[in-house]
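Colleague: In case you want the letters, here they are:
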Amino acid sequence: MLARLGLEPGDEEFYADQLSGILGHIDRLQQLDTEDIPPTAQVVAVASRLRDDEPRPCLSQEEALANAPAPVNGFFRVPAIQEET
Amino acid sequence: MTSDDLTRLTITEASRLLRLGSISSADLVTAHVDRIERLDKHVKAYLRFTPELWEKQAEEADRRIRQGDAPALAGIPLAVKDVLCVRGVETTAGSQILRGFKPPYTGTAVGRLFEAGAVMLGVTNCDEFAMGSSTENSGYFPTRNPWDLQRVPGGSSGGSAAAVASGEAMIALGTDTGGSIRQPAALCGVVGMKPTYGRVSRYGLIAFASSLDQIGPFARSVDDAAIVLSLMSGLDPLDATSSDRPGMEVLNNFGAGVKGMRLGVPREYYDVKGIEPGVKDAIDAALFILRQAGAEIVDVSLPHTDYGLAAYYIIAPAECSSNLARFDGVRYGLSEIDAPNITEEYLQTRRNGFGTEVRRRVMLGTYALSSGYYDAYYLKAQKVRTLIKRDFDQAFQKCDAIVSATSPTVAFPIGAKTQDPLSMYLCDVLTLGGNLAGLPGISVPCGTADGLPVGLQVLGPQWGENVVLRVARAYEEASEMKAEVAGVV
Chain A
1 MLARLGLEPG
11 DEEFYADQLS
21 GILGHIDRLQ
31 QLDTEDIPPT
41 AQVVAVASRL
51 RDDEPRPCLS
61 QEEALANAPA
71 PVNGFFRVPA
81 IQEET
Chain B
1 MTSDDLTRLT
11 ITEASRLLRL
21 GSISSADLVT
31 AHVDRIERLD
41 KHVKAYLRFT
51 PELWEKQAEE
61 ADRRIRQGDA
71 PALAGIPLAV
81 KDVLCVRGVE
91 TTAGSQILRG
101 FKPPYTGTAV
111 GRLFEAGAVM
121 LGVTNCDEFA
131 MGSSTENSGY
141 FPTRNPWDLQ
151 RVPGGSSGGS
161 AAAVASGEAM
171 IALGTDTGGS
181 IRQPAALCGV
191 VGMKPTYGRV
201 SRYGLIAFAS
211 SLDQIGPFAR
221 SVDDAAIVLS
231 LMSGLDPLDA
241 TSSDRPGMEV
251 LNNFGAGVKG
261 MRLGVPREYY
271 DVKGIEPGVK
281 DAIDAALFIL
291 RQAGAEIVDV
301 SLPHTDYGLA
311 AYYIIAPAEC
321 SSNLARFDGV
331 RYGLSEIDAP
341 NITEEYLQTR
351 RNGFGTEVRR
361 RVMLGTYALS
371 SGYYDAYYLK
381 AQKVRTLIKR
391 DFDQAFQKCD
401 AIVSATSPTV
411 AFPIGAKTQD
421 PLSMYLCDVL
431 TLGGNLAGLP
441 GISVPCGTAD
451 GLPVGLQVLG
461 PQWGENVVLR
471 VARAYEEASE
481 MKAEVAGVV
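From first to last, the protein sequence lines are chains A and B.
45 is the number that my numbering gives to position 45 of the first sequence; each next residue is one higher, with no gaps.
103 is the number that my numbering gives to position 103 of the second sequence; each next residue is one higher, with no gaps.
Just so you know, these hints were derived from the structure itself, not from any lab.
Be aware that one or more of the hints could be misleading.
[What the hints assert, rightly or not] Simulated restraints, written as ranges between beta carbons of each label pair:
#1 E8/A with A256/B: 53 to 61 Å
#2 F14/A with L235/B: 42 to 50 Å
#3 E54/A with K41/B: 47 to 55 Å
#4 H25/A with L20/B: 52 to 60 Å
#5 H25/A with E484/B: 50 to 58 Å
#6 T30/B with Q30/A: 54 to 62 Å
Backbone N, C-alpha and C fix where the C-beta goes; we use that ideal spot for every residue, glycine too.
Full structure from sequences and hints, please.
Modeller: Below, the structure is given as structure tokens:
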């Protein structure tokens with residue numbers, strides 16, 4: 001549900017079966033003692049770069065909306081997140 | 001020279017003929033389009049073609065060649081994997097969820113090759129969101145191996161590899177997250193290179209796993225791969241992880257040969273489970289040639305190899321589940337925006353848009369990141385990533401570069417691994433370590449087993465592209481093992 005994949009009834013068994021096989025393989029990680037090992041999130045040492053906060057050219061409104069499935073009056077139409085009262 | 005001869009050239013050869021005036025860029029395009037028309041109905045390397053681009057770019061290339069100021073790739077026919085954005089050209093990451101998407105901008109790597117004069121022929125097929133090792137997970141159709149149409153070309157950049165192998169493009173771009181350039185290069189008998197993480201800007205690359213993804217070239221010779229890589233490398237303010245190291249350094253000394261170099265053979269790779277005897281024989285022969293060329297072959301160890309796949313299949317799905325959250329049907333792509341409520345809109349859009357492998361990985365990644373499992377899976381995998389990186393650091397104390405097979409097997413029959421995802425994942429067991437550690441790696445053709453191409457992988461330390469290219473080039477020269485163009489049918 002968290003992933004919003006829209007599974008259908010038969011899907012759950014299908015994926016559960018395959019994912020248990022994969023997770024079975026992944027479980028071997030637990031054999032390793034990693035108590036004192038730092039995690040690696042980013043493998044190449046790159047320092048964060050800053051840039052001046054200056055206006056730069058960007059997409060026009062028309063370009064930004066060119067792929068929108070349902071543009072309305074120059075905006076993206078989005079699904080309602082609140083019920084009407 | 002016949003039209004088909006023009007589809008067998010390398011950049012070096014084609015550039016000479018172009019500059020001599022013996023051929024034009026338009027001739028090169030015509031020859032390739034001709035071949036595509038005859039062969040691509042069998043190979044199915046391309047998803048779509050870009051005639052408006054090739055006409056304009058070939059004309060421009062011919063004009064600059066006539067003026068005598070032709071850039072390095074003037075007139076060179078290029079194919080681009082369907083994950084790299086090109087302004088105005090439908091780019092879908094091999095997925096139905098992006099059908100019809102036309103990027104409003106061109107990514108940095110492709111843009112730099114355009115500036116260097118390359119002529120884009122079309123967009124090549126790939127596994128959906130670059131997830132797969134056979135190009136069978138494409139949301140459109142599978143690509144076939146030009147050497148045997150009943151077999152896969154490898155993946156995920158299978159379309160790009162097959163296009164270069166069949167003479168349907170002179171060079172191509174791919175992306176490599178766990179082996180997606182090197183493995184298809186091996187299976188199709190061409191050269192494919194993954195740079196150090198950060199060498200090439202990822203701006204304009206539709207993300208799969210951001211800490212692992214890199215863009216790289218397919219080519220028919222090591223020289224060609226080196227030229228293309230050098231031209232697209234270098235700092236890009238639009239990718240915070242792109243390095244400021246000069247792109248041209250990848251060429252430093254790369255023609256110097258292997259005499260006196262120490263090449264490490266990791267025993268865990270050499271005897272990897274499932275390696276085919278024919279592949280092993282080809283690698284043994286390659287090691288013999290490298291030794292004859294003056295290299296010293298040394299035994300090294302990568303003790304955590306057995307854990308690499310497990311760590312990779314936590315980290316890559318975790319990053320993908322996060323990256324693919326953007327496909328919500330609101331800003332681009334497939335949309336079920338008229339669903340009764342927002343949850344239904346997401347569910348229907350993603351149900352109809354994503355294929356089986358993508359869903360599998362999003363589930364796996366969401367699970368690994370969910371509270372309660374985060375430490376056991378994601379954090380654990382990141383720690384194991386550290387151990388794998390240390391393995392490579394220690395190995396490079398003893399050797400200049402690492403050599404192994406690229407793939408434990410030759411190209412397998414279409415359908416052979418689609419029912420068993422773990423068997424498909426094992427295709428990348430020799431390549432994904434290079435992604436986890438951020439290393440540059442190349443696959444070069446090293447003969448055949450049962451008539452199918454075998455690839456030799458060379459891995460180097462971070463930023464050691466020149467070392468990797470040097471070994472690959474020395475091998476190519478000593479073995480006289482040029483990438484050939486498949487006859488197809």
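Colleague: What are the numbers of the hints that this structure violates, sorted from low to high?
Modeller: 5
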